[in-house]
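The sequence shown begins at 1 in the UniProt record's numbering and counts up one residue at a time.
I should point out that these hints are in silico values taken from the structure, not numbers from a laboratory.
Think of the CB as a built atom: it goes at the ideal place given N, C-alpha and C, for glycine as much as any other residue.
Treat the hints with care, as some may be off.
Said to hold, decoys possible - Dumping the calculated DSSO-like pairs for lysine-lysine here, alpha-carbon to alpha-carbon at most 30 Å: (1) 653 / 1185; (2) 197 / 572; (3) 1199 / 1185; (4) 653 / 1084; (5) 1185 / 197.
As the list claims (entries may be wrong) - Okay, the calculated beta carbon distance ranges per label pair: (6) 1099 / 1059: 56 to 64 Å; (7) 204 / 1099: 30 to 38 Å; (8) 1045 / 602: 37 to 45 Å; (9) 1114 / 204: 33 to 41 Å; (10) 1099 / 223: 33 to 41 Å; (11) 240 / 602: 44 to 52 Å; (12) 688 / 1051: 16 to 24 Å; (13) 697 / 1067: 51 to 59 Å; (14) 569 / 1045: 17 to 25 Å; (15) 699 / 1059: 17 to 25 Å.
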Amino acid sequence: MAFPYIDTPRTEYDGNATYLTTGFRSAGRHHLSALDSLENSFQTPSKDNDVIKGFDKRVTPRAGAASKSTRSALRHLPATAPEKGEFTPLMKSATKNNLLRNMSAARGTDGPKTPGYQRETHRSNAHTPGLPAMDMSDIYEEDRTMEEPTPVPHAASSSAQSTPLPAFSGRNGGVLGDGGNNLSLKDQAMAIDQLSKVNFSLKLRIHFMEEQLQKAGPEYNNDALKENRELKVLRLTMQRDIARYRKSLQQAEKDLEDYQLQLVELKEKSWREQADQTVQREMDIMREELESRDLQLREARDELRHIKDTQSQETDKLRDDIEDLEASSREKDRLLEEREEELEDLKRNAEENGAASEVQLELDRAKEQMQELHDSLARAKSETRESVDAARQAIEEKDRAEEDLRELQDEISNKSFTTKGLSRQMEDRAEKLEEEIRELQQQNGSLRTELESKTNHATLLEERYQTIQHGLEDNAHQLVEDLDVARRDRDQARQDLKTTSARLQEALDELQRGTDEKELLQTRHHALTDESGGLQIELDRAQSRIRELQKAVQDATSRAQDEGHNIRWQHKAELERLQEEIENLHHEIEEKEGRFAVDQSRWESSKRTLQSEKAWAEGQAADLKRTVDRLQEAGSTYSGKESRLQEAIDSEKKRYTQEMSMLNRQIQDLKDDLDKTRRDLDEKRDELLTAKQDARVSRREEQALTDKVRALEDEVIVLQSSLADEQELAKGRQNGTSDLDKNLEKSIAERQKLRDQLANAHVEIFDLKASAQEIEVERNELQAQLDRVQNADETTRFDRDKLELRKTVTRLDNELKVLRDAKASLEGQLVSESERFAAEEGRLSAEIDRLQDKLLAGSGNRDRELTSAKTKVQRLERRAQELEALLEQQQPVAENEQSGTHGDLSLLRHSLEEARKREKILLQRESKQKSSAQSYKSRVEELEKDLHDAMMNKFESHSPHNSPSNKLHEELRSLRKQVAEAHRSLQKVNTKNRELERAAMKEEDQKDFHELLRSSTLEAESLALKLSEREARLNELKSHVRRIREERDAHKREAEAVTKNLDLLQRRHDEILEKTSLSKSTNKTKHEKEIRGLGKEIIWLRARLQREEKFRRDLAWSKGLMELGERVRVACNDADLRMISEMGVQARDRAPIRTPRHKLKSAISLVRAAVRMQKMSSDWKRTKKLGEGLKRAKTEMLKRRDSSSKSLLGQ
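Construct all of the structure, not just a fragment, from the sequences and the given hints.
In structure tokens:
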């Protein structure tokens, strides 16, 4: 007697499985939990008494049972294909619908409701009570709560999740006859595998979709777009690479085919070469001919190229020649126009002066130029003809090359080639030659067009030359006619000139006679006025030289002072600008250092918070792991652990809230401390910046005040020197005017005095230079003392260098000024001496005219002096106004500065009044000198008249009034002649005496000049040495300034590099802050999601535990009920048997009669169970591998997250 198996609880059935460890997922579940595992409900059967191994010992089945073989089960399969079940990710609903449909279909039957109900043949007389029927139709209803006991699901007769039960043929038509299971075991296993794969892929897809949804925010748009662009670019590049590789592959295939064809051809060729030697010889001959033709073609090509190059060179040369001819023609046109203008001028001059020969020369020159133009045009024509000939030769050579090529093509076409390679090569060569010929034809056509254009241009030039030549001929004819007219005019003018010259000669004779008489009268006047005029000229020249020297010295000093002021102001402005830039850079660096310190403190605080959060998260993970372990331990017992689980969860929640509150307090305290320190740092930084700003402002004000004081001192010194110069100039002028009035009668003494005064003036100039140098040295010392006093509080090296540079620059400026003054004075002295000697050499020409010129020059000098005085007064007035405006602007300065500026202003006003007085005195002197000059002129005229009258009276007194005889008249005439000769000889002696005196004076002057020149040269050499030394020092100072500027540039570059590094650090800090904020927000969201997921997991595990416990209790109750029923049935059977034996009925043997059919069925069921268990173990291995893969993926993801967080913290 065989009993059916009891349907044991299944470990993986849709949504009713129990999971305690990781690594398994079902077809009906959509979430993979960290606590899911497959837990066996019963102990696996042992491997003892293996039925399959005992098949060899069994007897062959009988013939009666052969008709019901294992293949007979195929008859129970449906004729059509089984309907496909609905396999979607939401398997619970599909499974529920299928189960409800099967339950509704099987609900009308009256079969037993318990699994494995006994057959009627195995029950005794129906006295044993049956099991109560149970309805499980509402097991998956939605209105059922978790507190109700979980009903037992309907058990299939055979499934992959439960222990197999044998199906009997007498119950409901076999294994697959009820239609409740539409799939075979293989299809179900395949469907389950497919579902697991689809579910896994769906799970991964949902995971990636969640990541994409998380990344769909605005902060990930740029990264997503960048990734999208990079992917598109990679896709396009890969597509292009694939296309290129495909093309290269196709090309390689084509090349391979070509190589194969060539190999075949080579094989055929070798065979043919072996077969026919005559063809080979012909081919060799043809190859040689082809090579010779190639050589000929190459030579022709080279010749054509050479011809083309020569033609291009010739065309370029012709183009250049034509351009030169055009330029020369334009130049000739211009020259012709100039010649025409000159001819017109000459024509006009010829009418006045008769310059016909020059016109003829110009005509000859124009004809020569025309001839040169004609020659150049002829040369151009010859060159064009040569180029045309060369082009014609090139065309002929090209035609010959084309004919040779045609002959070669004909020869190639007449001969039959056997090989394809040679014919292909010849065709290629022919095509190349044809292309080259086409190119040469095109080039020849272009050369022809250029040649035609050149010829046209040459013809145009020739026509233009013809027109110019005709114009020149017409002009030449016109010029000849004009020349004839000019000649006639010249002849007429010569005749008129002869008549006028005769008249002029007569007038000159009369004038000569008058002049002879006048010379006799003026000899004494010349003797008297020579000395006075020379002395007056010398006096005026010396005074003018003194004035010029003083003016040059004054101009040089003013220029040097202006240049020194400009240089000082420029240097001061440059130094102030550099100081401001350096201070601004220091300020920026300090601000950036402060910001960097604040950012660094903020970053360190954020780092500490992140580390604390990380530690807290690790503690949370460890606590969660401990809770999971406790939950696993609690879940392994299956009963009585719910309260402890709830307590553990509550304790974890309390601990979590306490830790959160503690961390929040710590974070708040840290934030408060950080804000307080930041505020303190900001306040200290602001105070430091304000203090530095105040110090900078005070330093600038102090520097400005010192510069103003220095400028005022310089102005005072300049004004004092200008006043002293003006006073000396006024004194010199007064002395000059008084000496001029006195020395008109004492010429020689005054001349010596003037020389003495000149020497004294030189000495005074040198004394003034020495005193100026001493004053400059004293000023430099005072300036150095003032700078030392001012720089006593300065501590920085840059300020000391700046002050030293300022002192050296001012000292060098002063030295340069002194040198320039000395140089200017020497130049003025040299110029004045050279002018004096030149004037002395030309003094003897005309004394009276020179006296008049001297008077006019004196008036002009006075005018110049007056204008210079006026300009000086205006300059002083402007300077006074500027100083007054400056004083008005700087009224709030200290009282000592006000007193100094008032003193300067009073001095300036005093100097202005003195200058105005000097101007009035100069005006008065000018008027006096004008009146004296007029009086001198009138006196000279009166003296001339008196002299003339005296001479006439003398001659009249000596001339006889009565002539008694001719002899007396003759004697008188002879005496007069003797007197005249004596006067002439006396005049000659006087002139020789004057010449000797002048020569002596000149020699003395030359000696003095040589001595002065020698001394001036020595002084110039000494000054040159000093100047070279000053220039060397100036170069050293320039190099020092350059080095300081280079250091400043280096500091500036370092500051720029520091600013760049600070900007880079700031950007990196901002990026780190953004990344940390993003990571913090993402970590926070992830943490919240994980907490929510863990809460859901815990709730779901609680429900699962409750359901599993209820299921276990129901299963234990059903098993106990079945065991009770079985015991009742056994007791009832024993009671029946006992009653039967008491009634005397002999009971038959109760040993079960196991027919071979039953044995075969049990063996088959065992085999099926073993196969199913093996399949389930393989399925479990696959699911275990899948779980391990998921574990690895999860650990890798956690590692990546940790590494990313560490990298963010490291940055």
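Does 33 to 41 Å hold as the CB distance between residue 1099 and residue 223, or does it fail?
With Cβ atoms ~36 Å apart, the hint holds.
Given pair status - residue 1084, residue 653, alpha carbons within 30 Å
18 Å, holds
17 to 25 Å as the expected CB spacing between residue 1059 and residue 699, which holds or is violated:
Distance hint for residue 699, residue 1059 holds at roughly 24 Å.
Pair hint residue 653 and residue 1185, alpha-carbon separation not exceeding 30 Å:
35 Å, violated
Pairwise beta carbon distance, residue 1114 to residue 204, judged against the given window 33 to 41 Å
37 Å, holds
Are the Cα positions of residue 197 and residue 572 separated by 30 Å at most?
Roughly 86 Å separates the two Cα atoms, so the pair is violated.
Could one say that the CB atoms of residue 1099 and residue 1059 fall in the range 56 to 64 Å?
59 Å, holds
Keeping to a limit of 30 Å between CA atoms, is the pair of residue 1185 and residue 197 held or broken?
Holds: residue 1185 and residue 197 sit about 13 Å apart, inside 30 Å.
Holds or violated: residue 1199 to residue 1185, with C-alpha atoms at most 30 Å apart
Within the cut-off at roughly 21 Å; holds.
Take a look at whether the Cβ-Cβ distance between residue 697 and residue 1067 falls inside 51 to 59 Å.
Distance hint for residue 697, residue 1067 is violated at roughly 34 Å.
For the pair residue 204 and residue 1099, does the Cβ-Cβ distance stay inside 30 to 38 Å?
Once the Cβ atoms are compared, 25 Å apart, the range 30 to 38 Å for residue 1099 and residue 204 is violated.
Range first: 44 to 52 Å. Now tell me if the beta carbons of residue 240 and residue 602 are that far apart.
Since residue 240 and residue 602 have Cβ atoms about 49 Å apart, the given range 44 to 52 Å holds.
Violated hints for the displayed structure, listed by number in ascending order: 1, 2, 7, 13.
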